[in-house]
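Peer 1: Sequence:
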Amino acid sequence: MSSSTPLTTPDGRYIVVRGRLWRCTNPELPESQRQEWVQQLMRARRGVAQAKRADDPQAEREARDRVDEAKRALGERGPVWWRDGAPDYTQYKVQNTPYADWYAALL
Numbered sequence: 043m044s045s046s047t048p049l050t051t052p053d054g055r056y057i058v059v060r061g062r063l064w065r066c067t068n069p070e071l072p073e074s075q076r077q078e079w080v081q082q083l084m085r086a087r088r089g090v091a092q093a094k095r096a097d098d099p100q101a102e103r104e105a106r107d108r109v110d111e112a113k114r115a116l117g118e119r120g121p122v123w124w125r126d127g128a129p130d131y132t133q134y135k136v137q138n139t140p141y142a143d144w145y146a147a148l149l
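Quick note: the sequence shown uses this note's numbering, first residue 43, plus one each step.
No lab work stands behind these hints, which were simulated from the structure alone. Fair warning: there could be bad hints in the mix.
[Stated by the list, open to error] With a straight-line cut-off of 30 Å between C-alpha atoms, the simulated BS3-like cross-links for lysine-lysine are: (1) K113 / K94; (2) K135 / K113; (3) K94 / K135.
What you are looking at is a predicted structure, and each value in this text was computed from that prediction instead of being measured.
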């Protein structure tokens with residue numbers, strides 16, 4: 043695994059970033075839709091950065107709202123995309139989740 047490839051939990055629900063879990067994109071999302079939403083997400087993130095550089099709180103809020111919209115469409119926020127009733131551990135430290143043993147075995 044390269045440093046640019048995030049560590050993904052065995053069930054494919056999360057990536058691990060600095061010891062925290064972040065929800066992955068819904069794997070059932072058609073590739074064309076995924077690509078479109080990723081492009082919109084990147085544009086929105088650039089908008090956040092531009093607004094911050096310009097010290098424009100209104101533009102920053104609008105750009106952050108677009109980021110949120112894209113992340114929800116991708117399944118990374120909002121209701122979980124899996125159907126087995128498992129809870130969402132987004133932003134939890136890995137060691138405080140059912141993934142703790144898996145993660146510890148990798149270290």
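Peer 1: Please go over all the hints and tell whether each is borne out by the structure.
Peer 2: Tested hints:
1. K113 / K94: Given pair K113, K94 holds - Cα atoms ~20 Å apart, limit 30 Å.
2. K135 / K113: holds (21 Å)
3. K94 / K135: holds (29 Å)
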